[in-house]
Amino acid sequence: NAGVTQTPKFRVLKTGQSMTLLCAQDMNHEYMYWYRQDPGMGLRLIHYSVGEGTTAKGEVPDGYNVSRLKKQNFLLGLESAAPSQTSVYFCASSLDTGENQPQHFGDGTRLSIL
Amino acid sequence: GNSVTQMEGPVTLSEEAFLTINCTYTATGYPSLFWYVQYPGEGLQLLLKATKADDKGSNKGFEATYRKETTSFHLEKGSVQVSDSAVYFCALRDTGRRALTFGSGTRLQVQP
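Protein chains in written order, with the working numbering: chain H, 1 to 114; chain D, 115 to 226.
These aren't lab readings, by the way, just hints derived from the structure by calculation.
Mixed in with the good hints there might be a few duds.
Stated by the list, open to error - Some chain H residues close to chain D (C-beta under 8 Å, calculated; not the full set):
hint, residue
1, GLY42
2, GLY58
3, VAL60
4, ASP62
5, GLY108
Every residue, glycine too, gets a C-beta built ideally from N, C-alpha and C.
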């Protein structure tokens with residue numbers, strides 16, 4: 001059971017470089033989310049999507065862009081990486097936002113910006 | 115706005131000890147409440163949930179009761195095991211909101 005798969009698992013970038021994090025889910029979920037996890041701050045929502053072709057800003061969207069061209073994939077882009085974006089990034093998905101529909105998380109991407 | 119406050123860790127216990135991890139929240143609506151667990155190197159997994167006041171969520175020996183009067187959702191387990199060592203996150207989803215609001219997490223270390 002694959003569930004939510006994130007690629008890559010680790011990456012080191014230099015300031016100013018760009019990259020894309022890929023999230024893929026095989027559960028036919030409508031909703032997908034990108035969070036970042038920083039020490040002492042829990043998880044904070046970056047962007048989310050309520051369906052193919054749609055995206056919306058979360059709590060901390062600045063410096064990131066996202067795309068949902070296919071229902072199963074949700075891409076997170078950093079156009080010009082900054083040291084403040086050093087974090088662990090988690091993707092999640094859910095069938096909908098009903099009270100009985102939990103979010104399923106990937107294993108995370110650890111990103112370091114030098 | 116919404117917020118979740120958890121007790122700071124790490125919490126270090128001996129095997130078979132009783133566990134309590136405190137969680138309190140503020141919300142504008144009538145939130146659903148969750149506990150997620152994160153084992154080393156893995157993503158978050160839903161541990162238990164409660165969707166209305168006085169509901170009790172339970173799973174794998176863990177329990178938490180939704181207390182509206184004290185805006186709390188404390189996690190308890192009667193006898194912890196070494197395999198319970200992980201980071202525990204309390205979270206809420208407010209009425210009409212799509213995403214979760216997480217607490218900062220509490221690391222639990224259980225020693226044999």
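Run through the hints listed earlier and report the numbers of any the structure violates, in increasing order. 3 and 4
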